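Enquirer: So the chains spell out like this:
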Amino acid sequence: MALLEITDLHAALEDGGKPILKGVSLTIRPGEVHAVMGPNGAGKSTLSNVIAGRPGFVVTGGSVTYDGQDLLALDADARARAGVFLAFQYPVEIPGVATATFLKTAINARRKAAGEPEIEALEFLKRMKANAKALGVVEDMLKRPVNVGFSGGEKKRAEVLQMAMLEPRLCLLDETDSGLDIDALRVVADGVNALRGPDRGMLVITHYQRLLDYIVPDVVHVLVDGRIVKSGDKALALDLEAHGYAQFAGAAA
Amino acid sequence: MVATQETVERIAEATGRYKYGFITDIDSDKAPKGLNEDIVRFISAKKDEPDWLLEWRLKAYRHWLTMREPSWAKLGYPPIDYQDAYYYAAPKSPEDAPKSLDEVDPELLRTYEKLGIPLREQEMLAGVAVDAVFDSVSVATTYKKKLEDMGVIFCPISEAVQRYPELVQRYLGSVVPYSDNFFATLNSAVFTDGSFVYVPKGLRCPMELSTYFRINERNTGQFERTLIIADEGSYVSYLEGCTAPQRDENQLHAAVVELVTMDDAEIKYSTVQNWYPGDENGKGGIYNFVTKRGACRGRDSKIMWTQVETGSAITWKYPSCILQGDNSVGEFYSVAITNNAQQADTGTKMIHIGKNTRSRVISKGIAAGRADQTYRGLVRMMPKAEGARNYTQCDSLLIGDRCGAHTVPYIETRNPTAQVEHEATTSRISDDQLFYCLQRGIPQEDAVTLIVNGFCKEVLQTLPMEFAVEAQKLVGVSLEGSVG
Ligand SMILES: Nc1ncnc2c1ncn2[C@@H]1O[C@H](COP(=O)(O)OP(=O)(O)OP(=O)(O)O)[C@@H](O)[C@H]1O
Ligand SMILES: [Mg+2]
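Chains as they are written, first to last, in the UniProt record's numbering: chain W, 1 to 253; chain B, 1 to 484.
Certain hints may be false.
[Said to hold, decoys possible] Some chain W residues judged to face chain B by a derived CB distance under 7 Å, without partners named: (1) R54; (2) A76; (3) D77; (4) A80; (5) R81; (6) G83; (7) L86; (8) V92; (9) V97; (10) A100; (11) A106; (12) R110.
[Stated by the list, open to error] Output of the computed footprint for chain W on chain B, the stretches with three or more beta carbons under 8 Å from beta carbons of chain W: (13) 304-316; (14) 455-469.
Read the hints as simulated data drawn from the structure, not as lab findings. Quantities reported herein were computed from a predicted structural model and do not represent experimental measurements. Each residue gets a CB set at the ideal place from its N, CA and C atoms; glycine is no exception.
The following block holds chain W by itself, in its conformation from the complex (with noise of 0.2 Å):
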């Protein structure tokens, strides 16, 4: 069974119903890891958004189904909980709110949905520790408030972190390679593929081939004006590198 299947996908921004996305397919196979590329503007956020059930986006039509379940049926907290993960593009910030105290409620929210007691406060701090580690992300930034002063590489690296500590079945990753320096680029994305197994599946949108040169997708999706207008492997991110999107200008139209 597909993990995550898009099926003619169209939203609108609820305020105004400017349609955003104009009928999106795709499917993601427990295993799979597929990247979406596409230029600025075209929707690739908001498709990550809607399936993480942001409000601010009305779904017009098509269906998004996940592990079998209508993904779109549940609030975005129960989405997050069934195992959506979105590390954000614009990471928000939480004063006052420890990164390891946000982890820790985030955690216990998922084993109290599931009927489970509260993680042990040393397995979680065993687990945090060798997550930061491996992530290289200092233990000092997981006492700070969330976000809060992180700089830009820092905070793509606090998503990623949380993202291991929360073990989802389908990783949204939005632009988590921007703003990332060429070493960190390479701890992320050995944070992101040490995550890739045969029961998850990951979405990654990206601007940058090089990124795929780590994390190397099964199959790239080019999204222009809210539609997927070509699927390929991943010599179709090369392919972009060397033309750009004019090529698809016609087929936007």
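Add chain B with the ligands to chain W, keeping to what the hints say.
Expert: Frame of chain W, contents of chain B with the ligands only:
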């Protein structure tokens, strides 16, 4: 020395929500309804008070008759009929107050159990002595012996009147005079009980002193009177928390707290105020008119107020510091949460009299529902306050668009070398913050709690551990239903 986690959690749970709509039916012997000189005399006689105290009460009562209820606060409530309340109620047989917990009325013990703070358990709250105020007469005091051995006096003020009359007479009304304001004057006339603390010279009291208040008698005004004196070079941390059962009538609560610090002494006074806020329309909630004031009499002394105000239908409260001693320090940390129809007009007064006195005010106001909230703060630099400094930071967080937050700072400087700094912000919980939490699987209400606790962190972290746990939980419960 730390209370067991279980106990802490139980207290947090118990004070966290009003699921208990029970009212204990211990027979009270009450004064008749209404207020007149006879009632004042009755209260004084019940407590077997010395003449000076009766006279003081009567002076207050006569003065009160000449006063008008203040109307400057941004509060709206129907007129209070002061003749329609009872001013004295005591559990059965106050004459033979229990010598130990075993002698406490089992009904009362059960009430505590429902509240999650059975007295037996309290003994295990290592380091916390509890002077439990039930209705108007304190019926149980623990750890008194241990504290007494160290020279600390911690007892009901009615007992202090009997045992340490000279101390009480010297300090009672010395910070909040009987004529101070309408509610304090009323309290002076009819106060029934409260706590008395004296910490001797040079002693750092190793235990947190704690009082759990509870209103438990229908139509009974609560007039607590607390007096804390920290002698030279001493330190004490005092915790006050309260919870009340569900009820219909509005209840008047007019407490007075007086603090005095001598040279190099410090008092840390923490409150979690969780009186019944009333239903969604505020019906049945407590009217909380409190006068709290500390005098830093000595040089280099310090008074620190921390308050977490989540309850009551009406809150009128301005814990203040009179910084008389040179180099003395006053601090005020406040979280006020108003939801539904709750109204709060709260803040502080920092009166700088001595040289190089410093004050710091951190106020976090959260309004949700249709609630209204005002921070009202006075900073006054007197002519002799050379080099005095104040820093005030006042942040408001709004949840939803039907609530209001207002900041009313009064700054009076009569010394050119004094510095006053005031910062104020108003913000809302952003949709982005909420979605970020939801996307991590945190349910909406928990997300609001988390964000609000983050907003209040600077204040909550000044609370002693046990209280911090309780307060964080309260924050969440107080905001239930405020979003979505
Ligand atoms: N909340 C919003 N309010 C107004 N317009 C929006 C909103 N969200 C998205 N849009 C618009 O929808 C379109 C698609 O935006 P989206 O963020 O999905 O693009 P993107 O493909 O992720 O672009 P980028 O590569 O720049 O991140 C843009 O025109 C954008 O301005
Ligand atoms: Mg984007």
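Enquirer: None of the hints should be skipped; say for each whether it holds.
Expert: We went through each hint and held it up to the structure:
1. R54: holds, 5 Å
2. A76: holds, 4 Å
3. D77: D77(W) check passes; min Cβ-Cβ to chain B is 4 Å, inside 7 Å.
4. A80: With a closest approach of 4 Å, the A80(W) hint holds.
5. R81: holds, 4 Å
6. G83: violated, 9 Å
7. L86: Cβ of L86(W) sits 5 Å from chain B, so the hint holds.
8. V92: Where the cut-off is 7 Å and the nearest Cβ of chain B is about 4 Å from V92(W), the hint holds.
9. V97: With a closest approach of 4 Å, the V97(W) hint holds.
10. A100: Nearest chain B Cβ about 13 Å off; hint violated.
11. A106: holds, 4 Å
12. R110: holds, 5 Å
13. 304-316: Per the Cβ count (0), the hint is violated.
14. 455-469: That given contact holds, which follows from 4 residues of the region 455-469 of chain B lying within Cβ reach (below 8 Å) of chain W.
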